[in-house]
Amino acid sequence: MREPLFEVTSKLGVRVRVSRGYWEYIVSIKHPSLKGLEGVVREALANLLEVRRSPRDPRVYLYYGTYMDKLICVVVKHLNSEGFIITAYN
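So that you can map any letter, position 53 of the sequence shown is 71 in the numbering used here, and since no number is skipped, the others follow by simple counting.
In short, the hints are calculated from the structure, not lab data.
Quick reminder that beta carbons are idealized off the backbone N, C-alpha and C, glycines included.
A hint or two may mislead.
As the list claims (entries may be wrong) - Just the calculated beta-carbon pair ranges, DEER-fashion: (1) Lys95 with Glu42: 17 to 25 Å; (2) Thr84 with Glu25: 16 to 24 Å; (3) Tyr85 with Arg38: 19 to 27 Å; (4) Glu100 with Gly57: 26 to 34 Å; (5) Arg77 with Ser37: 14 to 22 Å; (6) Asn98 with Arg74: 26 to 34 Å; (7) Val93 with Gly54: 29 to 37 Å.
Claimed, not checked - Calculated pairs, SDA-like style, for lysine to any residue (alpha carbon to alpha carbon, straight line, at most 20 Å): (8) Lys88 with Asn65; (9) Lys29 with Arg77; (10) Lys95 with Glu56; (11) Lys29 with Gly57; (12) Lys53 with Arg77; (13) Lys53 with Met86; (14) Lys53 with Glu25; (15) Lys95 with Arg74; (16) Lys88 with Tyr40; (17) Lys53 with Phe102; (18) Lys95 with Gly31; (19) Lys88 with Val45; (20) Lys88 with Arg74; (21) Lys95 with Tyr43; (22) Lys95 with Val32; (23) Lys29 with Val58; (24) Lys48 with Leu97; (25) Lys53 with Cys91; (26) Lys29 with Val69; (27) Lys48 with Leu67; (28) Lys95 with Tyr107; (29) Lys48 with Val93; (30) Lys29 with Tyr85; (31) Lys88 with Glu56; (32) Lys88 with Ala64; (33) Lys88 with Gly57; (34) Lys95 with Val78; (35) Lys48 with Leu23; (36) Lys53 with Arg35; (37) Lys95 with Arg71; (38) Lys29 with Val45; (39) Lys53 with Asn98; (40) Lys88 with Glu61.
Throw the hints in and build the complete structure from the sequences for me.
Structural data, given as structure tokens:
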């Protein structure tokens, strides 16, 4: 298993992680506006504003938080009591 960039227990009690390599993919290809905002993503998971379950996949949850009056969404796939970040955006 790759070394996680960070791991945090979400408000739902799920241990969520992301590897350094996958986070680099998110911030370099998918959502460059999140570069340097790892702490904001962690905060959204730990102290969420709202959480929703994906209508397409019951194992996927969308965690919402705020950052500088903007909404941030962290998309996480839950597998038992662990999860991993699929993507994040603001």
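Hints, verified against the model:
The given range of 17 to 25 Å is respected by lysine 95 and glutamate 42, whose C-beta atoms sit roughly 19 Å from each other. The hint said 16 to 24 Å for the Cβ distance between threonine 84 and glutamate 25, and at roughly 22 Å that hint holds. Between tyrosine 85 and arginine 38 the CB atoms are about 21 Å apart, so this pair conforms to the stated range of 19 to 27 Å. The beta-carbon spacing between glutamate 100 and glycine 57, approximately 21 Å, falls outside the hinted interval of 26 to 34 Å.
A hinted range of 14 to 22 Å for the beta carbons of arginine 77 and serine 37 is consistent with their spacing of about 19 Å. In this structure the supplied range 26 to 34 Å is violated for asparagine 98 paired with arginine 74, their Cβ-Cβ distance being about 20 Å. Separated by about 19 Å at the C-beta atoms, valine 93 and glycine 54 break the suggested range of 29 to 37 Å. At roughly 15 Å between alpha-carbon atoms, lysine 88 and asparagine 65 fall within 20 Å of each other, so this suggested pair holds.
Between lysine 29 and arginine 77 the alpha-carbon distance is near 16 Å, which keeps this suggested pair within the 20 Å criterion. Taking the CA atoms of lysine 95 and glutamate 56, the gap is near 18 Å; set against the 20 Å cutoff, the hint holds. Taking the CA atoms of lysine 29 and glycine 57, the gap is near 16 Å; set against the 20 Å cutoff, the hint holds. Using a Cα cut-off of 20 Å, the hinted pair lysine 53 and arginine 77 is violated, with the two alpha carbons roughly 26 Å apart.
Straight-line distance between C-alpha atoms of lysine 53 and methionine 86 comes to about 15 Å, which keeps the hinted pair within the 20 Å bound. Annotation: proposed proximity of lysine 53 to glutamate 25 holds, straight-line Cα distance about 17 Å (limit 20 Å). Between lysine 95 and arginine 74, the direct Cα distance comes to roughly 12 Å. Compliance with the 20 Å bound is thereby established for this hinted pair. Between lysine 88 and tyrosine 40, the direct Cα distance comes to roughly 23 Å. Violation of the 20 Å bound is thereby established for this hinted pair.
With a C-alpha separation of about 18 Å, the suggested pair lysine 53 and phenylalanine 102 falls inside the 20 Å cut-off, and the hint holds. Taking the CA atoms of lysine 95 and glycine 31, the gap is near 13 Å; set against the 20 Å cutoff, the hint holds. Straight-line distance between C-alpha atoms of lysine 88 and valine 45 comes to about 17 Å, which keeps the hinted pair within the 20 Å bound. With a C-alpha separation of about 25 Å, the suggested pair lysine 88 and arginine 74 falls outside the 20 Å cut-off, and the hint is violated.
Taking the CA atoms of lysine 95 and tyrosine 43, the gap is about 17 Å. The hint holds against a cut of 20 Å. In summary, the hint linking lysine 95 to valine 32 is supported, as the alpha carbons are separated by about 10 Å, within the 20 Å threshold. For the given pair, lysine 29 sits about 15 Å from valine 58 by alpha-carbon distance, which is consistent with the 20 Å threshold. Between lysine 48 and leucine 97 the CA atoms are separated by roughly 23 Å; this puts the pair beyond 20 Å, and the hint is violated.
For the given pair, lysine 53 sits about 14 Å from cysteine 91 by alpha-carbon distance, which is consistent with the 20 Å threshold. For the hint linking lysine 29 to valine 69, the alpha-carbon distance of about 9 Å falls within 20 Å, and the restraint holds. A hinted pair counts as satisfied when its Cα atoms are at most 20 Å apart, and lysine 48 with leucine 67 does not qualify at roughly 23 Å. Pair hint lysine 95 plus tyrosine 107 holds up; C-alpha atoms about 15 Å apart against a cutoff of 20 Å.
Taken as a hint, the lysine 48 and valine 93 pair is honoured in the structure, with Cα atoms around 13 Å apart against an allowance of 20 Å. About 18 Å separates the Cα atoms of lysine 29 and tyrosine 85, which keeps this hinted pair within 20 Å; it holds. At most 20 Å may separate the alpha-carbon atoms for a hinted pair to count; lysine 88 and glutamate 56 meet this at roughly 15 Å. For the suggested pair lysine 88 and alanine 64, the alpha carbons sit about 17 Å apart, so the restraint of at most 20 Å is met.
Pair hint lysine 88 plus glycine 57 holds up; C-alpha atoms about 15 Å apart against a cutoff of 20 Å. Under the criterion of a C-alpha separation no larger than 20 Å, the hint pairing lysine 95 with valine 78 is consistent with the structure, at around 4 Å. Restraint check for lysine 48 and leucine 23: the C-alpha separation of about 17 Å stays at or below 20 Å, so the hint holds. A distance of roughly 17 Å separates the Cα atoms of lysine 53 and arginine 35; the hinted pair therefore holds under the 20 Å criterion.
Restraint check for lysine 95 and arginine 71: the C-alpha separation of about 10 Å stays at or below 20 Å, so the hint holds. For the given pair, lysine 29 sits about 24 Å from valine 45 by alpha-carbon distance, which is inconsistent with the 20 Å threshold. Note on lysine 53 and asparagine 98: the hinted pairing is violated, with a Cα-Cα distance of about 29 Å set against a maximum of 20 Å. Between lysine 88 and glutamate 61 the alpha-carbon distance is near 14 Å, which keeps this suggested pair within the 20 Å criterion.
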